[in-house]
Structure formats: C-alpha cells, structure tokens
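Spelled out, the chains give:
There are 2 protein chains.
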Amino acid sequence: MEKPAETSYPLHDPLQRRWSPRAFADRPIADKQLTILFEAARWASSCFNEQPWQFIVATKSTPQEYERMLSCLVEGNQKWAKLAPVLMLTVARSTFDHNGKANPHAWHDVGLAVGNLVIQATTLGLSLHQMAGILPDRIREVYGMPQGFDPVAALALGFAGDPTLLPEELAQREQATRTRKPLWEFVFSGQWGQPATMVK
Amino acid sequence: MEKPAETSYPLHDPLQRRWSPRAFADRPIADKQLTILFEAARWASSCFNEQPWQFIVATKSTPQEYERMLSCLVEGNQKWAKLAPVLMLTVARSTFDHNGKANPHAWHDVGLAVGNLVIQATTLGLSLHQMAGILPDRIREVYGMPQGFDPVAALALGFAGDPTLLPEELAQREQATRTRKPLWEFVFSGQWGQPATMVK
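First to last, the protein sequences are chains A and B.
Here the first sequence stands for residues -7 to 192, where the numbers follow my numbering.
Here the second sequence stands for residues -7 to 192, where the numbers follow my numbering.
These are calculated hints, taken from the structure and not from any lab test.
Keep in mind that this is a model prediction, so the values were computed, not measured.
It cannot be assumed that every hint is accurate.
A pair holds if it fits inside one copy or across any two, identical chains being indistinguishable in the list.
[Claimed, not checked] BS3-like mimics (lysine-lysine), calculated; alpha carbons at most 27 Å apart, straight line:
hint, residue 1, residue 2
1, 93, 71
2, 71, -5
3, 173, 24
4, 93, 74
5, 93, 52
6, 24, 192
7, 173, 192
8, 192, 71
9, 93, 24
10, 93, 192
11, 192, 52
With the hints as constraints, model all of the structure from the sequences given.
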C-alpha cells in the first residue's frame, strides 16, 4: 500500500512517498540496512554539533529484548507496533557536553536526526511510524538510563504490510486521506500571521 | 565547494551531500523554489498531526524586511548570514490545538519539518545553515508574535559560495573537517550505553 503526499508541486521522491503506516509485513530487516539508517541519522546538523541524539534498538531476532521494548509503549501503540520487525526509542541528552548547561535544542535536533533516518529508510523501501505514546519512567528503569537524558519517542520500522493485518478500527484509519494545513497558515513574512508572497 | 559526509556506507545522495556552509553566492532563489521547500516541510509527520511548525521568511528582494530579520540574529551570525539571499525563522506552537495542553514534541516536530526542507533544498542545489543563535525576545517584538509560540532557530539559505567571501577566521572554519561521534556511542540495545550489535 502506498499513500504519497498530495502536493501541488512534485517533491523529492522519498519525501513524496514517506508516510506512517501501522501495518507491517512479517519480514525482517538486515542488520546492514539498520546500520545505514543510523549512519544517516549521524550526519544531521545540531546546535554546537553536540549530536544530542541516542537510539535504543530491538529486533524480533531477539524476542525477549523486543518484548521489553514493546512494553515501553502505551497500550494503544502496542496493538499495532508489535507487527513491526524493529522497534527503536529515541533519547535526547538534555544538557550540553561542552558546558553542562541545558540544551533547549536537544529535542529539535533529535527530530533532525530522525528526519534523516526516515528519508534513508524510505529510499531502502522501508516504512516507519513514530510514536509519542511511550512510558518515559518505564524506559528509564528498563534500560538503566542515567539523569540528563530524556526519552523522546518510539519508532516502529519495517516493510509496509497489508492493512487487513490490523484490528478493524486501525485498518480503516490506515486508509484515511492524509491531511495537512495549507501553506499560508504557517509560512509568514513581515508580520506574524501574514502569509508570505510565495504561498498566497 | 562540496563537503560530503565521510561515511563507511553510501547514504542517499542528498543526505551524503548536505552540509552547512557559511559562504553563500550572490544569487537569488526563485519564489517557486521556496514554495517547494515549504511544501516539503508541510508533509513531515508530527505528534497528533498537529504540525506545530511555523516559518517566517525574508529575501533580499525586500531589503527592509531582510534587514529586520538579520537584526534578530546574534551578532556572530549576522557577520556571515548576511551573504545568504534568504533568511528564515522557525517557530514552534508550544501547546496542542486539540486540547490546549503543552506539546512536549513541538520542537522535535519542528526539527522533522526542517529536516524535510533541508533535504528538498539539497536536491535543488541549495544549501542551508541553521542557527540556534537568535534573539527570541526581539523576534517576538519585531513580528508581533502572540503567546503560545516559541522562536526556535534561524536558517540561512542560498547557493553555497566561495569561502573567500567570509572573514578569515570563518573562511578557515569553512574548510575544517566535518566530525561526528562514532555509531557505537549513540546506538544501544538491551541496556543504556551498550552498543547495538549492528554498530559494534
């Protein structure tokens, strides 16, 4: 199943094709491919080049580890994420390495790194669904995470699968039209709320 | 000048080529191209599909607007960013539209949207340099930004230019080797700090 973005202008192919399925095929991902995804994340830009991103990864090839990570998601996400052959957690380092002060851009820069990972995944034929619905306290405990790091999100990763694999309600959501705000609602110039010329 | 990422595995081309120059050529960007960049940002994923990103844009075709935006950067950034034909500010909506509560993923999701924009820009031959060094209070005042929105970062955008356009110290930095942490420092499995098999 494909759900390309319906744009007025053609986008770079993986940006156009990327979407977030909940149904994943029962097909593993090679370790080599995962390494390439992390390499893509690695080269994102970040404030002071601090690279405040960390990833914890679990695959179905180690079922016990996989189950531990699945248990760190809210129940509603476990229902479908359990189809994905790979789960990941993203974690932000909340302070700067170079001076120990708070890094307000830590989560933003995790977003940049994950953005790279998502695009690389799409070019490899993989799909990815991000979840804010995680259990941060449980993650800290399960993985022995030290102070100064914040669990940010989880990712389900795999080859997109048949929506009929999902519970009925989710199967319907999988088919729903993708929506986004129009450009003039969020691209301004001169004054807050004033649409920029090129998006009017 | 090009500075591709030095990776052990080939990445998707624009991920490999992306880097953050400070020298920009004196060459404008067509409005049509800017529109495509915002369209790319638009289709990023976000928590509850809230799309908490906003952009304020200024180009050298409106010099007064451009100068106003330049004055929202810290001095050290103004020195080189003034070469770029386009400046942007990114802004996060700090609360959810759907329930008014704080959105902890707002900055993260701005990062995802900017990540899309950067990749689209790279495929169009453009370069982009993000800056955390902005003056948030001045931005709020200059643009009449309401409560509930946070200035996040600025972007300088254009065609990469000759490093000799820069003050000497910055010209030297422009030539410096790009560095990143090794994968095993930030990709874990099983336990915090334990490198995952595929990155050992």
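Those earlier numbered hints the structure runs against, lowest number first = Of the numbered hints, 4, 5, 8, 9 and 10 do not hold.
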